[in-house]
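Those protein sequences? They're chains W and S, same order as listed. Residue 7 is where the first sequence starts when you use my numbering, and the numbers rise one by one after that. Residue 1027 is where the second sequence starts when you use my numbering, and the numbers rise one by one after that.
It is worth saying that the hints were derived from the structure and are not from the lab. There's no promise every hint is true.
Reference excerpt, derived from the structure (chain S facing chain W, CB under 10 Å, subset only) [what the hints assert, rightly or not]: (1) P1068; (2) G1095; (3) M1114; (4) S1147; (5) V1160.
In this text, a Cβ means the ideal position worked out from N, Cα and C, and glycines have one as well.
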Amino acid sequence: MINAFARFFVALAAGAIFGFGVSVSGMLDPMRVRDFLDVTGHFDPSLAFVLAGAVAVSRVGFLAARRLRRPLFDTMFHLPMRQDIDFALIAGAAIFGIGWGLSGLCPAPAIASLALGLVPSYVFTAMMLAGILIHDHWPQSLNLATKRNNNANARA
Amino acid sequence: MPLDYLHSLIGGSLIGLGTGLFFLLDGRIAEVSGIIGGAVRPSGENQLRNLSFLLGLFLGPLVYCMASGGWPVVHFETSLEVLAFAGMLVGFGARLCSGCTSGHGVCGLGRLSRRSIVAVSTFLAVGMITVAVVNRMGVTTP
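Here chain W stands alone, though its shape is the one from the complex (with noise of 0.2 Å):
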């Protein structure tokens, strides 16, 4: 029971140290987005940046964690397994890429712009919820050649 309250706290915190950090980093702003994509018009590296710092943080929390037996408050560590490179995941990215070009919002900065009250970020993330289940609700007999990701005990 203490497990599970710590569970719920540590999602809400780590949201929330995301979140701020989405702020910082100026990622909320579509436009420097879209300007970091922008490679042959007015490039503007900051995302690159964002990346770096995002990457190399998280990298020594993966680390740290093959020392580890199990999480804190769980008895394993929840990972993704597959290894294959498959239709799905090439037509998945590049129909992402095409609505992130489209935007500049991703999923993150979409929920924690909700913040701010202004009705474009309402709007993208209404329609963005409404793609996840669309894809999530897909019928299985139109197979979209996804296998939902086997979570397994396993080191990162």
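Given the coordinates of chain W, work out where chain S should sit on it, guided by the hints.
Just chain S now, kept in the frame of chain W:
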């Protein structure tokens, strides 16, 4: 401009810190599109944890506002129709490839996952092509 880059680096490091803590303490990957999917699927404790993370994400800019005395700067220059279409693509695409900029970008690259390296390269390339095409056609000018 160099100060902007410093902010980006610090902000990015904080994103990495949130991601690392979530994994070390809760054993979970901070994959935001997956977390959103999990937050609307009835699954007991998982659902509650996902909702907690999203609530935290929402509170992040409020903390920033309290700490700095001003909201983060945002500009929306894209029409609502295009934003709506883009939102649908982002949500669907992220779930189809099992990750977005947080899942494949921050976590996947942090773990040196092969699938994530392919996914990030793909959405960066397609994103760059999309912006190049759109800016030449002026599609997003309201």
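Right, here's what the structure says about each hint:
1. Restraint check, P1068(S) versus chain W: the minimum CB separation of about 12 Å is more than 10 Å; hint violated.
2. A least Cβ separation of about 13 Å between G1095(S) and chain W goes past the 10 Å threshold, and the interface hint is therefore violated.
3. Interface hint at M1114(S): satisfied, since its Cβ lies 4 Å from the closest Cβ of chain W, which is below the 10 Å cut-off.
4. Look at S1147(S): its Cβ gets to within about 8 Å of chain W, closer than 10 Å, so that hint holds up.
5. Taken as an interface hint, V1160(S) checks out: its beta carbon lies about 6 Å from the nearest beta carbon of chain W, inside 10 Å.
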